[in-house]
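Visitor: Sequences are here, hints too, so could you generate the full structure?
As a plain string of letters, each chain reads:
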Amino acid sequence: MSLREQLNYIFEIRGLLFEGLGISLIIAFVALIIGFLIGVILAMIKIAPKTNILIKLLDKFADLYIAVIRGTPMLVQLLIMYGVILVSFKSYDTNLVVPIVSFGINSGAYMAEIIRSGISSIDKGQMEAGRSLGLTWKTTMFSIIIPQAIKVVIPTIFNEIIILVKETSVVCYIALRVGGKQVRDLLGVAEKLGLAEPGCYMALIFSVAIMYLIVVLILTFVQKLIERRLSVNDRK
Amino acid sequence: MTENNVVAEKSIVKVSNLYKSFGKVKVLNGVTCDIKKGEKVVILGPSGSGKSTMLRCMNLLETPTYGEIWFQGKLLTPVDPYLHFDVIRESLTYKHLMIKANKEFPSVSPEELDLKVIEDIKKNDLLTKREGKSYKKAIKTLYKDNFMDVNVTRQKMGMVFQHFNLFNNLTVMDNLTLAPIKLKLKTKEEAEKKAIELLKRIGLEDKAHVYPSTLSGGQKQRIAIIRALAMEPDVMLFDEPTSALDPEMVGEVLELMKDLANEGMTMVVVTHEMGFAKEVASRVLFMDEGIIKEENEPKEFFSNPKDKRLVEFLSKVLY
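Protein sequence lines, in the order shown, are assigned to chains A and B. Each residue of the first sequence is one higher than the one before, counting from 1 in the working numbering. Each residue of the second sequence is one higher than the one before, counting from 1 in the working numbering.
There is no bait here: all hints are sound.
Below are the DSSO-like pairs computed for lysine-lysine, each with C-alpha atoms no more than 27 Å apart in a straight line:
#1 B:K182 to A:K46
#2 B:K122 to B:K24
#3 B:K136 to A:K50
#4 B:K10 to B:K293
#5 B:K74 to A:K138
#6 B:K74 to A:K50
Think of the hints as simulated: they come from the structure by calculation, not from any bench.
Guide: Structure below.
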């Protein structure tokens, strides 16, 4: 097929590609929220003073969680979750929850480490100063330490977000259904169409690449905006 | 004698038999001192002598391994049973040992036996080895009756750090008002009024709305001092307040500290500024190897040092 024909073909099926992108972004977005929540909770457990037995147990659990999740490939986790969730919840009709939960759990482990390292990068003196004024650990943490840690952590968090968005492309390995109807993510759509129209395969893959690139560029732009917003107390 | 002795003899901070180790390193080896209201105590000593650790133990930024800290007659640390003879005397171990000792040495007076038995119990740590419920109960009651929450205590114990530790994410004004507002000691208006007043005092009222990163070291430290003052503390702890400053900025910080001293603030200062110690202190402590080696009023301390290590130390720092 000539280049022109290929471009025409892509233009014709653009709706399908955008649908696929929608599925990919939904998975990434919800997984991101789950991952962030898990990350904050795990980081808090790891950073809190180990005063009682419960927090010590939770701390051990957090260590195990992070070790297992970071120690196994994402795709393997996805396939395991596919089996576990489908069997235990019998949700054959709508299984979008499988990739969302898997990516959420996966991202949580990385987010936890990012947030923990961000918090521990803040000078110990800040906590000491807060405590010396009679503020509690919690108040100092939320009024002083976390606002400073957020600034430190933004670039790495966005790094993780970008990786997550792109990593969702591995869901094309599993069959997704919403309300009994089969759906596909962006790469899945391209693969399917590529089988039917082998002459356009490379054009489809290039289109997928460009779409991901645009999404990532938008994210990078958002990151720059936030960083500029947060840097007021460096200058002025 | 200095005029400071006229001020009431009320104890503000009392440190009893304080031990602190970090892992295997023993930093404090039994420090006892009593800081009275209105006193300006300067702590000198070579680095690694434990002076900063002792100061940080006073408001429990470091948890003592052993020993007690009292603040205005209230206990901050868990009870150390061996410091309380009445707790020891109430224990069964004491009673048994007294009966035994009475039989063995009928000629010795009961007072002497009492001391001997207590010494024996302390030395061999017999309370933890032998005593059961009654001993634990005695300690619990003592702790309960005298205990004070450390977060409440710290509001009345200002601390100034070597590295200022101003809150980097807050403006100077918010630095000064955060704690009084969060702890509901003042309304926002009251806290800001007080902050402006304090800023005027150090001549930095134009800096109220800038962030700490734009200030010089001397300005930061003076603001750190008034941040502690904004809590209206009963005692101020200074942990090497001028050690991280450029030489030309040391003066302005010491000036402010002298002002405070003249107003009658109770102060405990760990420093290397000998001039400050001579001029302002009502009592100077010399610490080395985790204990207080010498303690005297400044004139006598500098002109007639007795401890060998102190003589050596002074000859090095006073050239």
